[in-house]
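Student: Taken in sequence, the protein lines are chains A, B, C and D.
Quick note on this note's numbering: the first sequence kicks off at 1 and runs consecutively.
Quick note on this note's numbering: the second sequence kicks off at 236 and runs consecutively.
Quick note on this note's numbering: the third sequence kicks off at 471 and runs consecutively.
Quick note on this note's numbering: the fourth sequence kicks off at 688 and runs consecutively.
Check before you lean on any hint, since a few could be wrong.
[Unchecked claim] So these bits of chain A aren't anywhere near chain B, every CB distance computed over 12 Å: (1) G16; (2) Q68; (3) M90; (4) R110; (5) F119; (6) K141; (7) V168; (8) E199; (9) H206; (10) E222; (11) R228; (12) R231.
[Claimed, not checked] Below, a list of computed lysine-lysine pairs in the DSS-like style, where the Cα atoms sit at most 30 Å apart: (13) K586/C to K376/B; (14) K376/B to K617/C; (15) K458/B to K282/B; (16) K376/B to K133/A.
Read the hints as simulated data drawn from the structure, not as lab findings.
Fair warning: this is a prediction, and the values are worked out from it, not measured in the lab.
All residues carry an ideal CB built from backbone N, CA and C; glycine is no exception.
Letter by letter, the chains look like this.
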Amino acid sequence: MAITKTVRDAQQACEGVQDGMTLMLGGFGLCGIPEHSIAELQRLGVKDLVCISNNAGVDDFGLGRLLQGRQIRKMISSYVGENDEFERQMLSGELEVDLIPQGSLAERCRAGGAGIPAFFTPAGYGTEVAEGKEVREFDGKPHILETALTADFAFVKAWKGDAAGNLVYKATARNFNPMMAMAGRITVAEVEHLVPVGELDPNEIHTPGIFVQRIFEGANFEKRIEQRTVRPAQS
Amino acid sequence: MAITKTVRDAQQACEGVQDGMTLMLGGFGLCGIPEHSIAELQRLGVKDLVCISNNAGVDDFGLGRLLQGRQIRKMISSYVGENDEFERQMLSGELEVDLIPQGSLAERCRAGGAGIPAFFTPAGYGTEVAEGKEVREFDGKPHILETALTADFAFVKAWKGDAAGNLVYKATARNFNPMMAMAGRITVAEVEHLVPVGELDPNEIHTPGIFVQRIFEGANFEKRIEQRTVRPAQS
Amino acid sequence: MLTKNDIAKRIAQEVQDGWYVNLGIGIPTLVANYIPDGMEVEFQSENGILGMGPFPVEGTEDADLINAGKQTITAMPGAVYFDSATSFAMIRGRHVQLTVLGAMEVSATGDIANWKIPGHMVKGMGGAMDLVASAENIIVAMMHTNKRGDSKLLPACSLPLTGVGCVRRVVTNLAVLDIRDGAFHLVERAPGVSVEEIQQATAGSLVVPDQVPEMAL
Amino acid sequence: MLTKNDIAKRIAQEVQDGWYVNLGIGIPTLVANYIPDGMEVEFQSENGILGMGPFPVEGTEDADLINAGKQTITAMPGAVYFDSATSFAMIRGRHVQLTVLGAMEVSATGDIANWKIPGHMVKGMGGAMDLVASAENIIVAMMHTNKRGDSKLLPACSLPLTGVGCVRRVVTNLAVLDIRDGAFHLVERAPGVSVEEIQQATAGSLVVPDQVPEMAL
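Please work from the sequences and hints to get the whole structure.
Tutor: Printed below as a string of structure tokens:
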């Protein structure tokens with residue numbers, strides 16, 4: 001019989017998050033971010049966080065909200081533009097930033113969830129990313145050794161989910177969410193639609209429920225668009 | 236505009252397969268095997284093959300058909316029971332067999348497709364599988380270094396596919412097919428249903444077409460069941 | 471002395487609400503039959519399903535839906551299918567709470583041998599090496615002695631190993647034993663089996679506490 | 688001298704039928720506009736889509752469907768979505784035939800610098816390091832000189848590197864150049880641009896063949 005992971009809301013989902021913890025947060029830019037969990041983390045006021053997330057949000061949305069309250073001690077990301085407060089804290093030395101190649105970030109999260117402690121990748125060889133890392137040639141090409149990432153809590157956002165924690169993402173809102181779901185000691189999923197167990201086609205589930213410890217349906221997702229680009233309707 | 240991968244049939248799909256090549260073949264037992272491609276490989280009579288496949292079929296189906304004609308020089312598998320001819324060739328030394336843990340096999344294929352030349356895993360540490368392999372401790376636990384697997388041709392079987400090579404598998408017939416599709420220099424997909432481009436929901440595709448070079452619809456899949464276990468209909 | 475079904479029944483008592491469980495071929499498979507109704511437990515089969523159900527009703531078998539023993543099965547509500555890499559990510563990444571598997575030999579240091587007998591046809595380790603190298607909680611289900619009557623609980627395994635120092639508990643037809651500090655610790659006796667019988671059938675170092683309760687099945 | 692659109696147009700001529708192509712932010716993005724109708728080419732965006740289409744018609748934007756530049760986009764028939772690990776598996780595993788990206792500096796040995804200026808706010812490398820370390824065919828699209836008029840084609844990069852020995856071809860507002868044997872090899876001149884102008888704007892070693900045809904756009 002399916003294992004029930006449902007919690008009431010973001011507040012219950014975030015129980016146990018403490019100062020100094022390492023968190024993973026899904027999303028690419030503002031697309032597919034766990035916005036309700038972030039709002040709750042802001043409300044909780046937990047501090048000294050290490051946040052692993054591809055980006056850092058904008059000033060007033062996404063992880064920018066936690067930056068406002070100086071809740072983040074260190075960001076592990078691949079790209080962190082679009083955020084003035086981030087820039088200020090980084091340049092002043094208040095915020096530690098570890099920039100890593102996007103593909104290595106994704107693979108390191110997957111590795112963390114998959115019990116692979118380290119792997120070789122060509123990305124970053126010959127750059128400052130490789131400093132202090134083991135280099136080894138395979139087929140005559142140099143690679144660097146990268147290690148797995150895990151987190152105390154992973155916060156992900158999906159389109160649909162069920163009480164067993166099975167998740168389905170929509171379009172490019174999938175991005176980092178599946179790997180981070182795998183790598184969290186406790187993984188919290190917020191979904192737009194919580195559907196009855198058995199309604200999701202078992203062929204079409206992106207994240208098997210085994211990777212998810214808590215799930216809740218968020219109300220009124222804002223889903224802000226960062227760069228609205230359009231073409232005129234053709235006549 | 237989508238890139239067309241459609242070929243006429245198994246014969247056209249297997250063009251270029253030569254003696255001595257390394258092939259990957261999806262499937263677990265007889266479930267999800269590329270049965271039309273295997274039949275064509277038998278007809279072609281290519282020899283001296285290295286076959287990477289979780290299992291080796293039964294005497295008259297699956298890879299057993301290639302064993303009958305002594306087309307296989309070496310098998311790389313995790314489990315090879317259920318096949319008398321296999322046993323005979325292995326014990327007589329005609330057939331070389333490299334047995335590797337199933338999870339390492341799956342991960343090594345994925346690594347091959349993902350450009351990860353090597354990774355550490357705990358599986359096999361302290362056993363003969365670890366002989367000659369680098370051992371390193373992570374978090375106090377010993378791991379061994381395993382390298383990527385790739386193939387000249389990968390043969391996979393899917394439930395549905397389109398001309399762009401996008402694939403959807405059914406139930407546990409998915410198994411090794413997605414990773415092998417990634418790891419083939421030329422990947423051949425045989426599908427039960429070739430559907431028009433645009434018909435598959437882009438959220439529900441398991442293997443993106445970029446990993447597939449040739450695709451065809453097979454007729455009359457046999458889909459043999461290895462262990463038919465049932466319970467009586469309840470009255 | 472326990473039957474194979476009794477061994478499975480006893481192991482089922484170890485399973486806790488909310489656990490994902492991987493059952494090996496043979497006696498371990500039987501464990502699923504003894505999970506109480508309503509308990510939230512999901513069975514993983516490493517060929518790519520979570521939420522494995524019972525065998526299909528005759529006439530509804532699906533060649534595309536099998537377990538790791540290649541038997542036709544069904545899927546429970548909430549089940550999910552995935553590829554082999556994801557399956558072993560679950561196993562290697564310690565998302566599966568319990569693994570139950572058979573063994574030819576178990577040592578007092580927790581080593582296990584269950585895949586190869588030199589001189590015999592070797593079928594392969596399948597997923598066993600991944601399972602034993604990664605699972606936090608491994609229970610071995612087996613007969614206490616082999617067909618020749620020799621103990622399968624040894625000071626050290628004589629057969630090629632499947633994994634090192636990984637087995638936590640062994641449930642046999644004679645007893646429940648925990649492995650720690652280089653010894654088998656007797657936890658429970660099978661109904662009607664004496665401590666002496668267990669001692670005689672155990673070649674590895676055996677620690678017997680003052681009280682050895684009989685199993686409740 | 689080429690406009691940014693001309694640079695994109697010239698690069699589009701490099702694209703072959705059947706190719707998967709990753710376009711970086713800026714000039715590279717414009718390349719998609721110059722692919723001939725009917726050519727079988729699919730655009731990959733590393734945030735998780737193959738088969739990227741044009742911007743959406745006003746009013747149909749979907750917050751869940753963006754490209755790596757975080758712009759709203761559409762999906763073509765045959766498109767597919769995937770996670771970031773799979774996306775970089777495509778890139779690292781050399782399944783993408785062409786990568787076009789911008790640069791601050793390129794060296795005569797094929798090094799590229801495009802992510803960091805010491806003393807300035809560093810935004811990060813995003814997917815650029817993975818792309819340049821893996822792609823077999825990398826074309827850099829950029830202006831030949833920077834805003835101060837200094838050459839961006841150098842004997843060695845002065846800025847922190849993004850990748851080493853990886854760039855094969857550079858298309859600038861002045862010329863098309865190939866990189867091999869430690870030098871820039873002049874392939875084509877922009878319309879109206881002389882070899883001397885290109886020589887003057889190129890700090891790295893430049894090899895000029897007897898014939899340097901003008902680009903056909």
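Student: Please check whether the beta-carbon of G16/A is more than 12 Å away from every beta-carbon in chain B.
Tutor: At roughly 22 Å from the nearest Cβ of chain B, G16/A sits farther out than 12 Å, so the non-interface label holds.
Student: If I take the minimum Cβ distance from F119/A to any residue of chain B, is it greater than 12 Å?
Tutor: With a cut-off of 12 Å, F119/A comes too close to chain B, as the shortest Cβ separation is near 4 Å.
Student: Take a quick look at R231/A and tell me if its Cβ sits farther than 12 Å from every Cβ on chain B, holds or violated.
Tutor: holds (18 Å)
Student: Report holds if the minimum CB distance from R110/A to chain B is greater than 12 Å, and violated otherwise.
Tutor: The claim breaks: R110/A does not keep its Cβ more than 12 Å from every Cβ of chain B (closest is about 10 Å).
Student: Taking the minimum C-beta separation from E222/A to chain B, is that value above 12 Å?
Tutor: Answer for E222/A: holds, closest chain B Cβ roughly 22 Å.
Student: Would you check the hint for K376/B and K617/C, treating anything up to 30 Å between C-alpha atoms as holding?
Tutor: violated (35 Å)
Student: Given the hinted pair K586/C and K376/B, is their alpha-carbon gap at most 30 Å?
Tutor: holds (24 Å)
Student: Examine each Cβ of chain B, and state whether all of them lie more than 12 Å from the Cβ of M90/A.
Tutor: holds (31 Å)
Student: For the pair we were handed, K458/B and K282/B, check the Cα-Cα distance against 30 Å.
Tutor: Given that 30 Å is the threshold and the Cα spacing comes to 25 Å, the pair holds.
Student: Does the claim that E199/A lies off the interface hold, with its Cβ farther than 12 Å from every Cβ of chain B?
Tutor: Answer for E199/A: holds, closest chain B Cβ roughly 15 Å.
Student: Would the non-interface assignment of Q68/A survive a Cβ cutoff of 12 Å against chain B?
Tutor: holds (34 Å)
Student: Does V168/A clear chain B by more than 12 Å, comparing its Cβ with all Cβ atoms of that chain?
Tutor: violated (7 Å)
Consistency note: the structure conflicts with the earlier hints numbered 4, 5, 6, 7, 9, 14.
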